[in-house]
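Enquirer: Given next are the chains, with one letter for each unit.
Protein chains: 2
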Amino acid sequence: MTYQDKLKAIRARMIEKNIAAYIIPSSDPHMSEYVPDRFKCIHFASGFTGSAGTLVITADFAGLWADFRYFEQANEQLKDSGYELVKLQVQHTPEYISWLYGKLPDGAQVGFDYQLMSMALGEEIKASLAPKRMDIKNLDLLDDIWEDRPELPADQAFLLPEADCGQRFESKLSDLRAEISKTRADVHIVSSLDDLAWLFNIRGKDVSYNPVVLCYALISLSVVTLYIDENKLNAEDLVLMGERGIKIKPYNDIKSDIVQLGQASVLFDEKRSCYEFITLLPSTVNVIRQTTPLVFLKSIKNSKEIENTHYSMIQDGVALTRFFKWLEENIGKTKITEISASQKIKAYREGAEKFAGLSFASIAGYGPHAALPHYTPNVDSDLELQPEGLFLLDSGGHYFYGTTDVTRTVPLGPTTEEEKKDYTLVLSAMIFGSAAKFPKGTRGYQIDGIVRQQLWQQGINYGHGTGHGVGYYLNVHEGPQNIGPSNAAVAVDKGMITSIEPGIYRPGKHGVRTENLVLTVASSTTEFGEFLGFETLTLAYIDTSIVLSNLLLPAQIDWLNSYNQMVYEKLKPFLNEAESAWLSEKCKAI
Amino acid sequence: MTYQDKLKAIRARMIEKNIAAYIIPSSDPHMSEYVPDRFKCIHFASGFTGSAGTLVITADFAGLWADFRYFEQANEQLKDSGYELVKLQVQHTPEYISWLYGKLPDGAQVGFDYQLMSMALGEEIKASLAPKRMDIKNLDLLDDIWEDRPELPADQAFLLPEADCGQRFESKLSDLRAEISKTRADVHIVSSLDDLAWLFNIRGKDVSYNPVVLCYALISLSVVTLYIDENKLNAEDLVLMGERGIKIKPYNDIKSDIVQLGQASVLFDEKRSCYEFITLLPSTVNVIRQTTPLVFLKSIKNSKEIENTHYSMIQDGVALTRFFKWLEENIGKTKITEISASQKIKAYREGAEKFAGLSFASIAGYGPHAALPHYTPNVDSDLELQPEGLFLLDSGGHYFYGTTDVTRTVPLGPTTEEEKKDYTLVLSAMIFGSAAKFPKGTRGYQIDGIVRQQLWQQGINYGHGTGHGVGYYLNVHEGPQNIGPSNAAVAVDKGMITSIEPGIYRPGKHGVRTENLVLTVASSTTEFGEFLGFETLTLAYIDTSIVLSNLLLPAQIDWLNSYNQMVYEKLKPFLNEAESAWLSEKCKAI
Chain A
295 MTYQDKLKAI
305 RARMIEKNIA
315 AYIIPSSDPH
325 MSEYVPDRFK
335 CIHFASGFTG
345 SAGTLVITAD
355 FAGLWADFRY
365 FEQANEQLKD
375 SGYELVKLQV
385 QHTPEYISWL
395 YGKLPDGAQV
405 GFDYQLMSMA
415 LGEEIKASLA
425 PKRMDIKNLD
435 LLDDIWEDRP
445 ELPADQAFLL
455 PEADCGQRFE
465 SKLSDLRAEI
475 SKTRADVHIV
485 SSLDDLAWLF
495 NIRGKDVSYN
505 PVVLCYALIS
515 LSVVTLYIDE
525 NKLNAEDLVL
535 MGERGIKIKP
545 YNDIKSDIVQ
555 LGQASVLFDE
565 KRSCYEFITL
575 LPSTVNVIRQ
585 TTPLVFLKSI
595 KNSKEIENTH
605 YSMIQDGVAL
615 TRFFKWLEEN
625 IGKTKITEIS
635 ASQKIKAYRE
645 GAEKFAGLSF
655 ASIAGYGPHA
665 ALPHYTPNVD
675 SDLELQPEGL
685 FLLDSGGHYF
695 YGTTDVTRTV
705 PLGPTTEEEK
715 KDYTLVLSAM
725 IFGSAAKFPK
735 GTRGYQIDGI
745 VRQQLWQQGI
755 NYGHGTGHGV
765 GYYLNVHEGP
775 QNIGPSNAAV
785 AVDKGMITSI
795 EPGIYRPGKH
805 GVRTENLVLT
815 VASSTTEFGE
825 FLGFETLTLA
835 YIDTSIVLSN
845 LLLPAQIDWL
855 NSYNQMVYEK
865 LKPFLNEAES
875 AWLSEKCKAI
Chain B
295 MTYQDKLKAI
305 RARMIEKNIA
315 AYIIPSSDPH
325 MSEYVPDRFK
335 CIHFASGFTG
345 SAGTLVITAD
355 FAGLWADFRY
365 FEQANEQLKD
375 SGYELVKLQV
385 QHTPEYISWL
395 YGKLPDGAQV
405 GFDYQLMSMA
415 LGEEIKASLA
425 PKRMDIKNLD
435 LLDDIWEDRP
445 ELPADQAFLL
455 PEADCGQRFE
465 SKLSDLRAEI
475 SKTRADVHIV
485 SSLDDLAWLF
495 NIRGKDVSYN
505 PVVLCYALIS
515 LSVVTLYIDE
525 NKLNAEDLVL
535 MGERGIKIKP
545 YNDIKSDIVQ
555 LGQASVLFDE
565 KRSCYEFITL
575 LPSTVNVIRQ
585 TTPLVFLKSI
595 KNSKEIENTH
605 YSMIQDGVAL
615 TRFFKWLEEN
625 IGKTKITEIS
635 ASQKIKAYRE
645 GAEKFAGLSF
655 ASIAGYGPHA
665 ALPHYTPNVD
675 SDLELQPEGL
685 FLLDSGGHYF
695 YGTTDVTRTV
705 PLGPTTEEEK
715 KDYTLVLSAM
725 IFGSAAKFPK
735 GTRGYQIDGI
745 VRQQLWQQGI
755 NYGHGTGHGV
765 GYYLNVHEGP
775 QNIGPSNAAV
785 AVDKGMITSI
795 EPGIYRPGKH
805 GVRTENLVLT
815 VASSTTEFGE
825 FLGFETLTLA
835 YIDTSIVLSN
845 LLLPAQIDWL
855 NSYNQMVYEK
865 LKPFLNEAES
875 AWLSEKCKAI
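So the sequences go chain by chain: A and B. Take the first sequence: its letter number 288 is residue 582 in our numbering, and every next letter is one higher. Take the second sequence: its letter number 86 is residue 380 in our numbering, and every next letter is one higher.
Hint data in this document are derived by calculation from the structure and do not stem from the laboratory. These numbers come from a predicted model, not from an experiment. You can take every hint at face value.
For identical chains, the list gives no copy identity; a pair is met inside one copy or between any two copies.
The calculated DSBU-like cross-link candidates involving lysine-lysine, where the alpha carbons are at most 30 Å apart (straight line), are:
| no. | residue 1 | residue 2 |
| --- | --- | --- |
| 1 | Lys476 | Lys381 |
| 2 | Lys381 | Lys731 |
| 3 | Lys731 | Lys715 |
| 4 | Lys476 | Lys397 |
| 5 | Lys565 | Lys426 |
| 6 | Lys420 | Lys381 |
Looking at chain A on its own, in the form it has when it is part of the complex:
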C-alpha cells in the first residue's frame, strides 16, 4: 500500500465515522520520546521518521505539523505521500488546533486515538473546539488498514540489584507516598516509563535507546499495583517483587481498574498520562493534576548513583580517547565515513564493562553536516571524512552504572579562521556555564543567559536548548530541569545531572558543539544564602589546537587546562602506554 493509498483508506473511514478531521500524534500511551514500533503511526501513515510531529487529515488537506529540526527531512520524506509539511512557528506548540478551529464547520467531529494524546493536550483540543460546538471522538483508524501491525514488545525486563541503585524500592515508595499525601490525593496513577523504571528499580528494552519497560502503576497509600506483561519478568524477579509488596496485573488492566476507582482523589501528571484515562474515570473521582513527584525525586541523584555515574564517565572517556586517537591516526589514510565513525565509537563503547547500549543515535557530522544540530547519518547522506575541517560527534552510552552524553568537535586537519573562532566561542560559552555559581533556586533560564552572553555579543546564537537533565542508566533526556531560554520555573538543584552543550551552526559550512554533563553541587554558604555550582562529570579531552586564546578570559584558560589535566589523570590508569602518551599530549596546558 502506498502512502497515498493509506491516506485514501483513512479518508474513507473518516466519512464512514462522520469525522471531519483525524489527528495522528507521535506518542505512545506513555507519552514517550521513543515509542515501540506498534505506535510508529506517523511513519506508517506518511513515511516520515522524525520523532516529533503531528499528522492532521481533513477531507481536502493532509499535513505534517513539525518544527524546524525536521523541515529538511520532512520535505524529503513526504514527497508523493499526499502530506504537506506545515512549519511550526513555535516548537512544541499544537498549532494545528487553531487551524482546525478556523477551517472546520460548526459542529464538526474531530477524531484521534485517545491513548496516544496526552491528557493536557486532549483537553486543550476539546476546550478549544467547544466554542464552535465541535467535539472529539476516540478512534483508531489505522488499526484495520495496518496489516502486520507490530505487537507490543515482549522483550525481557529485569530488576537492578538494589545496592547499585542507592535507594531501595521501599524507600523510594515511602518518599513518593509522602509527596502524594502533600497533594491531598490518595491514589497516583503513573504512566511515564522512566519514572516507573526509577521507582521499581527495573529496566527493560521495549524501545530504542531508553532502557525502559512498558508498564503502568497505581499507587495508593496502602497498595502498589504494577501493570506489566508478566512474561517479561523472570521467576526470581517476580518473587522479589512479591516480597516488596508489589501486586502484578496484566498491562491493560489499568483501564478496567481506572473505571472502578470509586470515591478516590487521583493524582495524574497530565503531560505524562494519556487522555483516554480521563474519559474512563467515574464521575465520583476527584482529579488532581500535577507533575508526578517521581520526576523530582528521580532527578536528584543519590550518592550511589553519583559514584556509579563517575565510573561510567571513566569507561566512556576511555572509549572516546581510543576513538579520537584512532581517528587522528587514520584520517587521510583509511576511508572513514560518518557511519563508519559512528560504528567505531560504538565498538569502543562495547568494550566497556557492563555496556548496555547507546543512549541515543550518534550524531556524527562532518563539514556542512555538522551544521545540522540533529543530523544522523544514513546511507544516502553518509560523507567521507577528509583530513581538513571539523568533525562533530555527539554520542553516549548506557552502562549498568550510568548514562553518558558527550559532544566533541575536533579538527581533522587544517581549519579556517572562522572555524577556529566559532570553536573557541563555543568553548567559552561552555566554560561560562560550567564555572557558573548561583543561589539555590536558580532556574535553568538564568544559567542559559550566562552561557550564551559571549556568543550574543558577537551576534551569534543557537536554536536549541543549552542543556537537559540526564538519567541514571535511564533516559538521556529527563526532566524536570533544563537550561534554555523557555520560562520553565524549575530550579537546577543539588544532585541533578544536566548537560551543557552550546553550539554554532553555519549552514553549508560547518558546525561546532561542545557538551559535557555536569552535576549540581554545593559551592558556598554565605550571609546571602546557599550557593551552588557544577562539577563536570564528562571525562573527554577538549581539543586545544584550534583554540584562539585571546577570545578566552584568563580564568577560562585556567578552567580548560585544569579540566584537561583532570581528564588525563582520571583516565590514565585505564589506558595502555601508547594511549596514555597520546592523551597526555592532547591534555597539555595552553
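Fit chain B to the given chain A structure using the hints.
Expert: Then chain B, alone, in the frame of chain A:
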C-alpha cells in the same frame, strides 16, 4: 478610635453579617501601586503604611500578610494594633488563602470589598475555598466606622499637547482596536490608570508620585467612553475630547454600563480590573481574559517620547551634578541628614524646566540605612551624614517630557575595603547588563542572570529584581517587561525603557546600589537573526574614586570611562563653569 477599637468594630460587624473572615487588600479599584487616601484601608485599620500587604481578620486572629521588604516596618507599626505580622514565604503570593482554607469551618463565609480585589485574585479566592463549600461576600466593613473617610480626589487633570506625546489619541486608539480585534473581543474595559493616561494623552495628580487620573474606559470597535469626574477637566480639554470622539460619563457609571452589556465579548485584564466587574456582568457576556494590549503598546516608546526622555535625562543629570557637588563641598561642614539631603535633591530638580513632581519617595540611606533597599527616611530614623562611608540616593522626577529613576552610591570620606569591593562588584554587574547584547525575543530573566553572574561567583546576591519598566511622564514602575529571576515570559523589546539596578546590602553595615535607565535599541542583524542591546539614558557621573579596577574586565573599564565622558559632554552645556570643572574631575578616565 484606636486600632484595637477599630478591630473590635470590624469583628462586631463580621458577626452581624455572619462572616468568618474579612480580608482588607492594599489596592484601589484600579489595582494601583499608589492609591488615593480614600483607599488606604490598611493604614486606617492597622496603622501600617507599607504599600503592599493584606489584612486578614477572623474571630480570634488578625494578621498582616506582608513580604520581607516590610518585616521591620510592620513589626514597628503594628505594635498594640491587635494585628500580627505574618511573613510571606514568597513575595506577591496570596498565602493567606490556604491559611483561611485550613482554618475556617466548612461552609464559612469570607468577606471583602469586591472593588479592591483584582479579578484574578477574587476568582482564585472563590475557587480555592469552594471544596469546603465556603463562599465569598461583597462587603465594605470599614466605611461606616471610618469617620471623615476621604472623598475621591478632585484634583485637576489635563491633556498633554499631542505633539509632545509622539502619537495622537486617534492613532493610539486605532492601534488598540487592531489588538482588541485579534483577541476576538468587541469591547475592552480598561481600569489601569497608567494605560488610560497613555491612551488618552491625559495626566493628573490623583495619587502620590504617579501622574494619573481616576477613570475607566469602555472601548468598543465603534465607541469610546471615558468614565471620569467631568469637573477634573477644563472646558478646552472637554472640547478637544469631544472632537476626538470621546464620550464622557461620570466615573461610577462604568458599573451600570457593565450591567447592560448584553451579548458582547468583553476583554478584561484580570490583573488590572477589579473582581466586582465580573459579578456585574450579565450571563450573556463572553469574557476574554488577557493582559490589556495597552500595556504592550505603551511600553514601546515612540521616537518623540525617546527624544523628550533624553532631554529629561539632561535636566535630571544637571540636578544630580549640582546635588553631589553640594554634598561633597558641605559634608563635614554643614549638618546634612538623610531628610535634608532628600529635600536638597528635590530642590535641585524643582529648578528644572517643567518639573512635574517626584516619581517616587526618595530613598536616601546613609551607612547601615543604605542596607535597607526600600528605606525612606522619616523624622525618627533620620541619620546625620558623616564624612565617611557610603551614602545611597535612589531618586527620580517627572518632567512634562519624561520620567527618571536613578541611584548613585557615593563615598562621603574614607571607606572600608569591603565597601570598595561591594561598590565595584555592583558596578560590574550594572555594566554586564548595560553592555549586554541579546537576540530579539530575549526575556528579562536571561539578562538578569548575566547581570548577577559576577556577584554569584562571590557568593553574593540581592533580594530584589534587577530592573523594571519606566513610563514616559508616567509611572516609574510599568510593565510588561522586567529584569529579574521570575519566569515572566516577556521580551525586553526595542523601544522599551528599563532600569538596571543591582545592589549589595550588608545589614547593619552598608548598602550599595547603582541604577541607570536604559533604552532597548537595535544592535546588529546577522545570519543568526536580529540582536538588540541597550543605550544608557541616565546622565549622572559614576564615582570612580572607590573603584577597585582589578575587579573589572578591561572592557568594563572602557565602558565606565566612555559613560562618564558622555555624561560630561552632554551636561557641560547646561552647567556653569565651576560645576563643569567639578564634573570634569569626576568624569576623568581611570
